[in-house]
Amino acid sequence: MREFLWDLDGTLLDTYPAMVRAFQQAVAELGGTITADATYQLMRQQSVGYAERMIATQHGWDWHDLRAGYQRWEPQLQHAPAAFAGAQAVLAKVSAVGGHNYLMTHRDESAQRYLEQAGLAQYFTDAVTAAQPFPRKPDPAALNYLLDKHQVDRHRAVMVGDRNLDIEAGHNTGIAGYLFDIDRLITVTSDPEVQVTDLNDLLTFVD
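In the numbering used here, the protein residues as written are 325 to 531.
Be aware that one or more of the hints could be misleading.
Said to hold, decoys possible - The list that follows gives simulated cross-link-like pairs (lysine to any residue, SDA-like), each with its CA atoms no further than 25 Å apart:
{"#": "1", "residue 1": "473", "residue 2": "424"}
{"#": "2", "residue 1": "417", "residue 2": "527"}
{"#": "3", "residue 1": "417", "residue 2": "442"}
{"#": "4", "residue 1": "473", "residue 2": "452"}
{"#": "5", "residue 1": "473", "residue 2": "325"}
{"#": "6", "residue 1": "417", "residue 2": "446"}
{"#": "7", "residue 1": "473", "residue 2": "446"}
{"#": "8", "residue 1": "417", "residue 2": "325"}
{"#": "9", "residue 1": "417", "residue 2": "518"}
{"#": "10", "residue 1": "473", "residue 2": "448"}
{"#": "11", "residue 1": "417", "residue 2": "498"}
{"#": "12", "residue 1": "417", "residue 2": "449"}
{"#": "13", "residue 1": "473", "residue 2": "459"}
{"#": "14", "residue 1": "473", "residue 2": "458"}
{"#": "15", "residue 1": "473", "residue 2": "437"}
{"#": "16", "residue 1": "473", "residue 2": "460"}
{"#": "17", "residue 1": "473", "residue 2": "434"}
{"#": "18", "residue 1": "417", "residue 2": "529"}
{"#": "19", "residue 1": "473", "residue 2": "422"}
{"#": "20", "residue 1": "417", "residue 2": "519"}
{"#": "21", "residue 1": "417", "residue 2": "479"}
{"#": "22", "residue 1": "417", "residue 2": "474"}
{"#": "23", "residue 1": "417", "residue 2": "480"}
{"#": "24", "residue 1": "473", "residue 2": "454"}
{"#": "25", "residue 1": "417", "residue 2": "338"}
What the hints assert, rightly or not - Here are the in silico distance ranges between beta carbons for each label pair:
{"#": "26", "residue 1": "352", "residue 2": "421", "range": "44 to 52 Å"}
{"#": "27", "residue 1": "352", "residue 2": "374", "range": "13 to 21 Å"}
{"#": "28", "residue 1": "422", "residue 2": "383", "range": "49 to 57 Å"}
Keep in mind the hints are simulated off the structure, nothing from the lab. Cβ atoms here follow ideal geometry from the backbone N, Cα and C, with glycine treated the same way.
Throw the hints in and build the complete structure from the sequences for me.
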């Protein structure tokens, strides 16, 4: 594979610590409590949106209020998230063999800033962020946009992410999916072609 489409949060950058704290703050503002571990597991195994709806339902809240709090706190707490070990090595090898890296994230314009801070931005050819009005993964629209725009050979392309919905998004576009599950938290239902706990293990699949 040499055409890599990447998720950002939890795949390239370890943004979860601040995301968890922001969610806890938003819950606390509404009068509830939730542990960091429970929050992390909900986000990793499902999504932030799932966590918002589930916890709001449990407390009888409007989930939009929980989301508003989370979205207010998360940028304040998220400071230059670190890249996971192996991220730079894989991105660089993709570029070195003549391939391309693309970003597909639901994060806003902060995604580019975080990549720059982590020293990874130069490896990317293009990106889709929340600034573009695509449906959320696993809907294939955003990935299809990148694949079609750059005339990517889908037989040589892969979606890399840390959740089932990333793999499903890749499969919904007719490309492979590689699951990065650093702490083996995911109940895997998406049939990824490759599953790793260390991004360095992806180096052997770049050709």
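Going down the list of hints, with the structure as the test:
1. 473 x 424: 13 Å, holds
2. 417 x 527: With Cα atoms ~7 Å apart, residue 417 and residue 527 stay inside 25 Å; holds.
3. 417 x 442: 17 Å, holds
4. 473 x 452: 12 Å, holds
5. 473 x 325: Between residue 473 and residue 325 the Cα gap is close to 19 Å, so the pair holds against 25 Å.
6. 417 x 446: 13 Å, holds
7. 473 x 446: Roughly 19 Å between the alpha carbons, so the hint for residue 473 and residue 446 holds.
8. 417 x 325: 11 Å, holds
9. 417 x 518: 18 Å, holds
10. 473 x 448: 15 Å, holds
11. 417 x 498: 23 Å, holds
12. 417 x 449: Answer holds: residue 417 to residue 449 is near 14 Å, not above 25 Å.
13. 473 x 459: Distance ~17 Å between residue 473 and residue 459 Cα, so the pair holds.
14. 473 x 458: Given that 25 Å is the threshold and the Cα spacing comes to 15 Å, the pair holds.
15. 473 x 437: 23 Å, holds
16. 473 x 460: Holds - the C-alpha atoms of residue 460 and residue 473 are around 19 Å apart, at most 25 Å.
17. 473 x 434: Roughly 23 Å between the alpha carbons, so the hint for residue 473 and residue 434 holds.
18. 417 x 529: 10 Å, holds
19. 473 x 422: Holds, because 18 Å separates the two Cα atoms, which is no more than 25 Å.
20. 417 x 519: Holds, because 19 Å separates the two Cα atoms, which is no more than 25 Å.
21. 417 x 479: 18 Å, holds
22. 417 x 474: 19 Å, holds
23. 417 x 480: 15 Å, holds
24. 473 x 454: Holds: residue 473 and residue 454 sit about 18 Å apart, inside 25 Å.
25. 417 x 338: 21 Å, holds
26. 352 x 421: 44 to 52 Å: 48 Å, holds
27. 352 x 374: 13 to 21 Å: 20 Å, holds
28. 422 x 383: 49 to 57 Å: Holds, at about 52 Å.
Of the numbered hints stated above, none is contradicted by the structure.
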